[in-house]
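For reference, the chains in residue letters:
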Amino acid sequence: MSINEPHDPAVEIVDMAAVARAPLEPAIPATDRKSIKRELRRELFRTPSFIVGAVISLFWVACAVAPGIFTKWGESDFVRNSDGASIPRASPRADAWFGTDTIGQDVFARVIYGADNVLITSPIAALIAVLAGAVLGLVMGYFRGWADEILSRVLEAVLSLPVVLLAIMAVVTFGSTRLVLILTIATLFTPVVARTVRSAVLAEAQLDYVTSAKLRGEPALFIMLREIFPNISNILVVEFTVRVGYAIFTVATLSFLGFSVGSASDADWGRDISDTYSLIQAGQWWPAIFPALAIASLVIAINLIADSVDKVYSS
Amino acid sequence: MLRYIARRLALSLITLFLILLIVFSLTRVFPSEPARQLAGPFASEERVEQLTENLGLDDPLPTQFGRLVRDVVTLDFGESFSQPGVRVLDLIRPALWNSAKLVILSLLLVLPISIFGGIMAARKKDTLLDRSIVSFGLASASIPDFVSGVLLQFLIGVKLGWLPAVSNAPDDAGLLTGIKFILLPALAILFVYFGYIARITRAGAIGAFEADYTRTAYMKGMSSSKVIRKHVLRNALQPTVAVTGTQMGYLFGGLIGLEVVFNYNGLGGLIFRAATAPDFPLLQAAVLSVAIIFMLSTLAADLIIAWMNPRARLDLGDD
Amino acid sequence: MTATTATDTQLDRGDPTTAALSVDGLCLAYTVRGTPRAVLRGVTFQVRPGEAFGLVGESGCGKSTTAYAAMRYLPSNGKITAGRVLAGGLNVTDMSTKELQQFRASHAAMVYQDPVQAMNPTLRIGRQVAECFQILGFDKSESEDRALASLERVKIADPKSVMDRYPYQLSGGMLQRVVIAMGLAGDPQLLVLDEPTTGLDATVEAEVLDLVRDLREETQAAVLLIAHNLGVIRTMCDRVGVMYAGKMVEEASSEELFEEPRHPYTIGLMNAIPRLGLRKTDRALSTIPGNMPSIGTDLPTCVYVSRCPIATELCKTDVPPIVPLGEGRWTRCHHSDEVSSIEDPDALVPPYQVGKDRVVELNGVSKTFRQRGHDIPALVSVDLGFAEGETLGLVGESGSGKSTLAKTMLGVHGPDDGSEITLDGVPMKGLATERRDGAIRAIQMVFQNPDSALNRAWTVRRILTRTVTSLTPLKGAEADKQVEEIAEAMRLSPHHLDMRPRQLSGGLKQRVAIARAFAGDPRVVVCDEPTSALDVSVQAAILNLLANVQHDERTSYLFITHDIGVVRYLADRIAVMYVGRIMEKGFTEDIFNGPVHPYTEALLSAVPNVDGMASTRIPLQGDIPSPADPPPGCVFHTRCQYAIPGTCDVELPPDVEVGPQHIIRCHLPLEELPTPVTVSISEKS
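Protein chains in written order, with the working numbering: chain A, 64 to 378; chain B, 121 to 439; chain C, 1137 to 1821.
In short, the hints are calculated from the structure, not lab data.
The model shown is predicted, which means the values in this text are computed figures rather than measured ones.
In this text, a Cβ means the ideal position worked out from N, Cα and C, and glycines have one as well.
Fair warning: there could be bad hints in the mix.
Capping the alpha-carbon separation at 25 Å, the derived lysine-lysine pairs in PhoX-like fashion look like this [said to hold, decoys possible]: (1) 221(B) / 350(B); (2) 221(B) / 346(B); (3) 279(B) / 245(B); (4) 346(B) / 244(B); (5) 245(B) / 346(B); (6) 346(B) / 1452(C); (7) 244(B) / 1296(C); (8) 279(B) / 350(B); (9) 350(B) / 374(A); (10) 350(B) / 1543(C); (11) 350(B) / 1565(C); (12) 1565(C) / 1543(C); (13) 245(B) / 1543(C); (14) 245(B) / 1296(C); (15) 1296(C) / 1276(C); (16) 1543(C) / 244(B).
A short, non-exhaustive set of chain B residues, derived as facing chain A with CB atoms under 10 Å [to be verified]: (17) 136; (18) 267; (19) 277; (20) 280; (21) 282; (22) 283; (23) 285; (24) 286; (25) 370; (26) 374; (27) 410; (28) 415; (29) 430.
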């Protein structure tokens, strides 16, 4: 939910509690299990929440890529009736399923066209954050010492402030271009990822295979990348999906507050809401509510995917 | 214990210093010139220069930073740029109080409901009830605060008319009226947080239910409700406390969207306006307030956890 | 499966309604992903009032499940599918919830494997013990008084202060006493103990077992004891049942079972443990090929048929009958009279000469850790050496420094200044990362826990290949060949090479770990409790393997273990550690024959003996001192019954040579040193 949360500290604390369930199976004989990865992937694709999330997400991706398929009106087109006049603020009707907004543009079209703004910045920002966070987390968790202490202080400083605030300040300072947005969000999410990765790396570094690697004289870089990293990669996958959700959240909030990418006439969910939410009180709910529902559906979909990935890969 | 608090506070000061540095750097990189904004679009060049000098904005950066540190230490943040003559503290105080009111009401709603939901879900793990709670929580937590704010405003404020759609309570409003006016944004916060808190509580409760000490309690012949009350709760709620502590920063200073939708004068909106003005003294002071609240709440959370779990006290320097 | 119930009732066990515990045809299943998997396949036995009954078996056989079923504690996915449990006439399987609570509060009690986890970390000890009395109906202050009395009953030192403490402040042994105190609250007629001393040090274990024995005599309660340590079972139980794959295969009195087992599985178990002073030069340990069938496997006939050395066609088609062998004694086998034909394995290794020169020497090695401002001397001036092809056994309890010694030798920690570790006479750098390649290659390690020691993300082939390419000059195809040769030497089949560790059983994983240790042709291999986590039969195979490889490669071993039988079997020389110091070192037989250091004597006498020798136990007063705060003079003097006041508490004891390469660090003159009481094959005819 919140932009600030340090992804599931509950996992750290809960794992220490002993699980009193009786063991389900004794030693697994060598022949019984085949390719576990393939099995996991198959299980993932069968999980209902994953399917729902994937379908919805893919729908929005399709909207971002080829919006023309879904609607005949362009984002800046005006809905006109038979004699050519535009019809502002019309409630939902046959040729404008979601109605029209204050100046007569088709809300449905704007919802469809508005998908790309959110969907381009969020995954890229999330990806950068995950990669940067992984590097930081590995270094901090493996080497410990004063590098860890200093970096922890810095991370804590960044984490103590709400993301939206710092994002606003950055955008005001550097301008609201796509690049600024991506880099800002990536920078703001890196500490959270780094912290999660760090605690995973701490746990791994205590295991004996790391000691064994040191006893072979392996250099630190090898141990971090080839020994430890493969064991935390599933955490990174989950973090990525979760961060995409929060990135969408942040981008939408920023555009709602007036910091959106692109020209004023471009369809953008957050900005459209901010332009039209005051109409709600007058009874014209559709120009604001439909984009709101669009945001909600996309983030829910991403979170369903994140949750199902988490469930399948941590069992 | 006292040693721990002292050590934590000392470390917090370092972090606060870093935050100050970050905020300061960001503001000084602004391309805009506050003096020009203040002076107005028709002011002459000399007027702007004069103002710049008055505000001390042409001094070397380290001097300006030093001045900021002094202001922080003496708690005198001077006057606002955007509202000349108005002391920064006088602007922050009402916003802080408003945010506090909202936070308190929200916590009173969120915590009992979410904790109860989480424990129920854990008890009936993998049943329909559990899956519904988790799915619902997942869905509602995904929605940005301003989105659920807008939806609630529409449904309950306008269509049904049960609650005022905008949070502008009259100044002399009593407690109940005051609550009515901020109930909608509090409900939006409930939506956002229910899923998160319920899931963390659920995870903690599952861990406690499956722990050996719970088995021991059952083996002593204790009834289920007693086991939950006396053994499970104390252990299950620790992650919840930790997480609630870390969210305070967001609850005080991050609800900008919600404050805009409901026209509520809270700390988040204040920071937003200060950032866009730009109003450096106000911005610095407001951001600092949020950071201090975060520090204090995480410290409080850690202390509560230490009270709940004696073993955590080991890390705190108790021998 | 129903046929066995018929044969079960043919046995006359006594009236189940008067038994302290009567398990009758109990079938239990876990539901995993929708399908029920059988765990218990019709278990029947009785525990008469006042009797101590032991259940033995390897992991997965269902003994713990049976114990919990006796208290009707099932995991959320468990269900009793048939049979019933009676305790003192009460039908436990059919009770209502309220009756079950009463049953658990006052009729039966349980002691758990892990006392640390069994206590709530957030509540004080006093409160948790008083709770038991509150459940019985006493008010708060009365409950506290009784709780204090309970703690006194279990002989906890300073019970009043213990009441105020939290679990994390007590040691494992003390916590187990607290758990026992809680169990006794309701004056139970049945005490169920699930591996109560696994994980406790030998001396602590002995005290806890003594306590249980005393309490048993005092209360005349019946005891159901689950353990995989056969020594514990022998010393504590009157009668024993052997379980395999969810079924009981043999039942007899303790003495009968250990002296004259009549089921092929029991015989396999007995021959797999080093008993009666067995040494590796006498014979190999018996192993049982294969694995126990997993939960839920369909086993229509004899459960043991796939691994039995005397199985015939009959065993695959017909359910084996219960063959009564006397009062309260039976076995479940078609060929119970042919069990004597199961042969002992051959001699393991022809005796070979241990080399003369020392491969690795530790001179004055110390290691001090800094923690929160305190100095903790984990190792104090250790002198030790290994000859080529020799096994040096290292024994000692928690805090003795065995692991630290191993890690310092390996170079995981750097030793303190003034320490010297030499390889072939040449001093080595402290940290492994600073040593030259030859030195790194020369000393390798087999870890205790193969799950932690093998990288779960790598295949076995990669684990071995990487070791070969890192430690030897071999690359490419040559390295691959070396990997295959090692795998074969460790009896890993080629398809194991392409698997990941989680697909392998515990024994196989440990083989991989051993293969990895040997992949670089080391001179010395440190084995840190390599078989502690393994079942007895698997342990036997690993020990055989280690002995064989040593013979072929002439590698030296530093073998760390807490199992006295194993160390006697495998080690050529033994060193005994206490609080970071070596108290005694010498040839194995010299140590077991005596004279020995007083601590060694106590240690040897504390070990529960599988061979039924009634050894006089030397009780050790007090706890093991913390390394951070060692007693002055001789570190052992606070617990030593021979301590000489004025000498042992003041002066450091000298290293006295009492025989060829047999050194004892003690003030006592030679003639006053104790002799341990043990038994060897030559004495028993």
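- prompt: Broken hints, numbered, in rising order?
  reply: 1, 2, 3, 6, 7, 8, 9, 10, 11, 13, 14, 16, 20, 21, 22 and 29
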